[in-house]
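Participant: Take a look at the letters that make up each chain.
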Amino acid sequence: MRPVYAISGGVSKFAKSRPDKNFQGIVKEAYDYAIQDIDLDFPTFTRLVDGSVASYFSDHFSRQLMAGIMVQDYLGLVPKPSHRVEGGGATGGICFQEAWKSVASGAMDICVAYGFETMSHVETWKGNEFIALASDVSFDYPVGGFYSGYYAMMVTRHMKEFGTTVEQMAAVSVKNHRNAYHNPYAQKRNRYSLEDVRNAPMVAWPLTRLDICVMSDGAAAVIFASEEGLKKLEAGGAKITQPLVLVSGIGRGTDAMRMSDRPHVDYDFFMENYATQQEGSSDETRAYYKRLWDRGTRYPGVHSFRAGRTAGNMAYKMAGVSDPLKELDFVELHDAYTSSEIQTYEDLGLCRYGEGGPFASSGKAFMPGIDYGLTLAEEAECPVNPSGGLIACGHPVGATGLMQGVFAIWQLQGTIGRHFGDATLQVRNPRRGAIHSHAGTGTYVTVSILEKQD
Amino acid sequence: MSKIPSQRDESLGGFIVHGVPFPVDTDPEGLAYLKKLAPIQIEQEYKITYLHSYGQDSPWFAGLANKRLLASRDPESGYTYATPRGNDMASGRETEWIDITDRAAQVHAFTVCYFGSEEFLPETPYVLALIEFEDVNTLLLTRLMGVDPGEASLDWIGMHVRPRFLRNSKLKPTDVYFVPGG
Numbered sequence: 006m007r008p009v010y011a012i013s014g015g016v017s018k019f020a021k022s023r024p025d026k027n028f029q030g031i032v033k034e035a036y037d038y039a040i041q042d043i044d045l046d047f048p049t050f051t052r053l054v055d056g057s058v059a060s061y062f063s064d065h066f067s068r069q070l071m072a073g074i075m076v077q078d079y080l081g082l083v084p085k086p087s088h089r090v091e092g093g094g095a096t097g098g099i100c101f102q103e104a105w106k107s108v109a110s111g112a113m114d115i116c117v118a119y120g121f122e123t124m125s126h127v128e129t130w131k132g133n134e135f136i137a138l139a140s141d142v143s144f145d146y147p148v149g150g151f152y153s154g155y156y157a158m159m160v161t162r163h164m165k166e167f168g169t170t171v172e173q174m175a176a177v178s179v180k181n182h183r184n185a186y187h188n189p190y191a192q193k194r195n196r197y198s199l200e201d202v203r204n205a206p207m208v209a210w211p212l213t214r215l216d217i218c219v220m221s222d223g224a225a226a227v228i229f230a231s232e233e234g235l236k237k238l239e240a241g242g243a244k245i246t247q248p249l250v251l252v253s254g255i256g257r258g259t260d261a262m263r264m265s266d267r268p269h270v271d272y273d274f275f276m277e278n279y280a281t282q283q284e285g286s287s288d289e290t291r292a293y294y295k296r297l298w299d300r301g302t303r304y305p306g307v308h309s310f311r312a313g314r315t316a317g318n319m320a321y322k323m324a325g326v327s328d329p330l331k332e333l334d335f336v337e338l339h340d341a342y343t344s345s346e347i348q349t350y351e352d353l354g355l356c357r358y359g360e361g362g363p364f365a366s367s368g369k370a371f372m373p374g375i376d377y378g379l380t381l382a383e384e385a386e387c388p389v390n391p392s393g394g395l396i397a398c399g400h401p402v403g404a405t406g407l408m409q410g411v412f413a414i415w416q417l418q419g420t421i422g423r424h425f426g427d428a429t430l431q432v433r434n435p436r437r438g439a440i441h442s443h444a445g446t447g448t449y450v451t452v453s454i455l456e457k458q459d
Numbered sequence: 003m004s005k006i007p008s009q010r011d012e013s014l015g016g017f018i019v020h021g022v023p024f025p026v027d028t029d030p031e032g033l034a035y036l037k038k039l040a041p042i043q044i045e046q047e048y049k050i051t052y053l054h055s056y057g058q059d060s061p062w063f064a065g066l067a068n069k070r071l072l073a074s075r076d077p078e079s080g081y082t083y084a085t086p087r088g089n090d091m092a093s094g095r096e097t098e099w100i101d102i103t104d105r106a107a108q109v110h111a112f113t114v115c116y117f118g119s120e121e122f123l124p125e126t127p128y129v130l131a132l133i134e135f136e137d138v139n140t141l142l143l144t145r146l147m148g149v150d151p152g153e154a155s156l157d158w159i160g161m162h163v164r165p166r167f168l169r170n171s172k173l174k175p176t177d178v179y180f181v182p183g184g
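Residue numbers (the working numbering), protein chains in the order written: chain G, 6 to 459; chain L, 3 to 184.
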């Protein structure tokens, strides 16, 4: 594998509905932005790029099979190589990694990842039905299963076992919405209070409408290059923003489609196979986990995501990260639900299993310098979803994981102010960040680490 | 939980329009005006009936139709799946059927759904629950009846429950549901 740089990106403004353009046109907005940001014109980039990877989740939403090739031809990228990836909510994260692999393997020097979803073409509850079809149609969907319901069941178990509260979940919603207030690409830029979140209509107890991300139309694109690719682009006239951003680690994990099938492993198996490096090396943490297991906790059960833990551990190992909370300067993670942001803090080792609730409301995952209207006991330590995440930016599925990549690139370049027209969300001098993309009830999860080069 | 709605329900349906605004002349001015037009949106219907096979899981549904709840078990390790699987995940071996109708069972996790997929909206609010069974390694997703959806409580977790079966099978996993007791 050779070094791969994520050099540029673009995001269409995420919106509830974009009837003004078809999906090809929306992708082109993000794609053009990424090209313009390296100061190239369209024909020159078309000449230099070696190929692409396309990301979109559901053929049902567009009622169009082979939509990927329609984007490829609209962007003038034919006859260059391309393929479509699909992995539920993690489609964008998988696309990011497949484009990385295209370059890391030496197959391409310059590869563009683009993704989209147009979810507005059906009514919301039909959209929920489409997404619910990404659960087992023999055993889960026909019972009345749908994703908010699945996540609500996970969190009732999390609450029961670990004492997590709805107020802690609401703190995630307040944080992400208020962050998005400063992000012009976000769909929902509102200042909510804990009471607003709790008083919103109940969707699946205890998750309210403000605990849950929304459906969106949108697109995103990321350009990757090898050292040789950088030279080719520069020879073509590109001005690539410095410092460069290296993708220093990728990891991916999977788990059973039906969350009822997840195992419930004992303490020893957990410590041997799933503990983070930091957890395994701490006597205090081992004792903490022993107490949890003695009280009946089993892993992953339905309260935790083994795929997320696997992806994180794999990416950390590759990037040389041993203490994520200290060594990551920000994380853009897949907060389809406030509860899943809390679960993911634990999977990614930002805190221990069972401590995600208190971590959520502690302040550690908040941005410094923003008034959240909350009393936070701790200083900001590792902002999570400084962009506003899925809950506030929106979740046009195939674009979402790539959107995270774009925002991470801009954070590490220090160009948030330029791209957002507001530097409030610029993390102070970040060196390393992580993006996390998540499908289903935790079926496919990707974690990618990006680092600023000196 | 119920609130006074401040927004009317909407559907995608609308009037059929005959005649679409268009420049009278396709001269340069008229053609330039086309860039200012709002998009045209039409309805497209997509409807299909699938002949869905339960395949190797079929006996589980036949069990429900006969008021028995089956599970799959690895014949050697004894690892048991409440939601059936034809093959064990660890050994790859074909599983055997066992009857767990009368096993002790309790609620492992639950939710009350006030919304859902379009197909299930008329049934809201309904309670979904994951059920754990004695000496069974995995869970079963089901509907929980006999509890008040308006009184959801974490105390429901751990509640002892027992299966009930529809008198007339629909050959769906909802042929079985659970109620407090047992």
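Just so you know, not all the hints are guaranteed correct.
Claimed, not checked - Restricting the straight-line Cα-Cα distance to at most 30 Å, the calculated cross-link-like pairs of lysine-lysine (DSSO-like) are:
(1) L:K172 <-> G:K26
(2) L:K37 <-> G:K193
(3) G:K26 <-> L:K37
(4) G:K131 <-> L:K174
(5) L:K49 <-> G:K131
(6) L:K174 <-> G:K21
(7) G:K193 <-> L:K38
(8) L:K37 <-> G:K18
(9) L:K38 <-> L:K172
(10) G:K18 <-> L:K38
(11) G:K26 <-> L:K49
(12) G:K21 <-> L:K172
(13) G:K21 <-> L:K38
Claimed, not checked - Chain L stretches covered by chain G per the calculated footprint, using a threshold of three residues with CB under 8 Å from any CB of chain G:
(14) 25–37
(15) 47–61
(16) 111–121
(17) 139–150
(18) 169–183
The set of hints was computed from the structure by calculation and includes no laboratory data. Keep in mind it's a predicted model, so treat the numbers as computed, not measured. For glycine and all other residues, C-beta sits at the position ideal for the given N, C-alpha and C.
Participant: Against each hint, give a clear statement of whether it holds in the structure.
Facilitator: Hint-by-hint comparison with the structure:
1. L:K172 <-> G:K26: violated, 44 Å
2. L:K37 <-> G:K193: holds, 28 Å
3. G:K26 <-> L:K37: With a Cα-Cα distance of about 12 Å, the restraint between G:K26 and L:K37 holds, given a limit of 30 Å.
4. G:K131 <-> L:K174: Answer holds: G:K131 to L:K174 is near 21 Å, not above 30 Å.
5. L:K49 <-> G:K131: Between L:K49 and G:K131 the Cα gap is close to 13 Å, so the pair holds against 30 Å.
6. L:K174 <-> G:K21: Answer violated: L:K174 to G:K21 is near 35 Å, above 30 Å.
7. G:K193 <-> L:K38: holds, 27 Å
8. L:K37 <-> G:K18: Holds, because 20 Å separates the two Cα atoms, which is no more than 30 Å.
9. L:K38 <-> L:K172: Violated - the C-alpha atoms of L:K172 and L:K38 are around 53 Å apart, more than 30 Å.
10. G:K18 <-> L:K38: Holds, at about 20 Å.
11. G:K26 <-> L:K49: Distance ~25 Å between G:K26 and L:K49 Cα, so the pair holds.
12. G:K21 <-> L:K172: At roughly 38 Å apart (the allowed maximum being 30 Å), L:K172 and G:K21 break the hint.
13. G:K21 <-> L:K38: holds, 21 Å
14. 25–37: Since three or more residues must qualify, the claim that chain G covers the region 25–37 of chain L is violated, with 0 doing so at under 8 Å.
15. 47–61: Answer holds; 4 residues pass the 8 Å Cβ test.
16. 111–121: holds (count 11)
17. 139–150: With 7 residues closer than 8 Å to chain G, the region 139–150 of chain L meets the three-residue bar; holds.
18. 169–183: holds (count 3)
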